[in-house]
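Numbers -28 to -1, 1 to 130, taken from mature numbering (1 follows the signal peptide of the UniProt record, and there is no 0), label the letters of the sequence shown in order.
To be clear, the hints were calculated from the coordinates, so they are not data collected in a lab. The beta-carbon is built from N, C-alpha and C at its ideal position, and this holds for glycine as well. You can take every hint at face value.
Label-pair ranges, simulated between beta-carbon atoms:
id: 1; residue 1: 106; residue 2: 30; range: 17 to 25 Å
id: 2; residue 1: 51; residue 2: 89; range: 36 to 44 Å
id: 3; residue 1: 91; residue 2: 26; range: 29 to 37 Å
id: 4; residue 1: 63; residue 2: 26; range: 38 to 46 Å
id: 5; residue 1: 108; residue 2: 12; range: 30 to 38 Å
id: 6; residue 1: 37; residue 2: 106; range: 29 to 37 Å
id: 7; residue 1: 20; residue 2: 100; range: 19 to 27 Å
id: 8; residue 1: 13; residue 2: 100; range: 31 to 39 Å
id: 9; residue 1: 13; residue 2: 106; range: 36 to 44 Å
id: 10; residue 1: 106; residue 2: 63; range: 34 to 42 Å
id: 11; residue 1: 78; residue 2: 24; range: 17 to 25 Å
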Amino acid sequence: MRTPTRRRVALFFALPATVLTVAGLAVAASGVATAGTMPTSGPTIAMTISNDTDLPMVLAGSSNPYGQWIQAPSDYLAPHSSQIVKAFSNDPNGVEVDATYSLPGGAQAVFRADNYSNTTDVDGTRVDADFGHTYGISSWIDSGYPNMNVGYHLYGHP
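Can you make the complete structure from the sequences, with help from the hints?
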């Protein structure tokens, strides 16, 4: 049988452990919330690329000639999955990036974004040499200069 003194001692030790656990979870959650913060020193691009096909995409090349990658394109994008590619530039005029993926059947999907003070576009986004296959890319811009957010969906099948 527990005495009132034993209950107080147990509570004395259990309460700090509970407080530390809750504090640890709060710190961990705040780290997750700020993990995707983009730089504020210049223009940025965040591209969400979705592979809405039943086939994988393999990175064939990427370009970021006027900036740096925060999160470069992945080497492989599985079927029915997405990735976020992030880039920035210290040049106040803008930044441009592209990622090219090889597709089954010999086609290539090019995902491109231009974020300049005078234009924000996805011109150059396309599927090359699909050899009669039915691939396509839908794209949209959620926000423009200086912090561009753009999305792409690759659809179709060989």
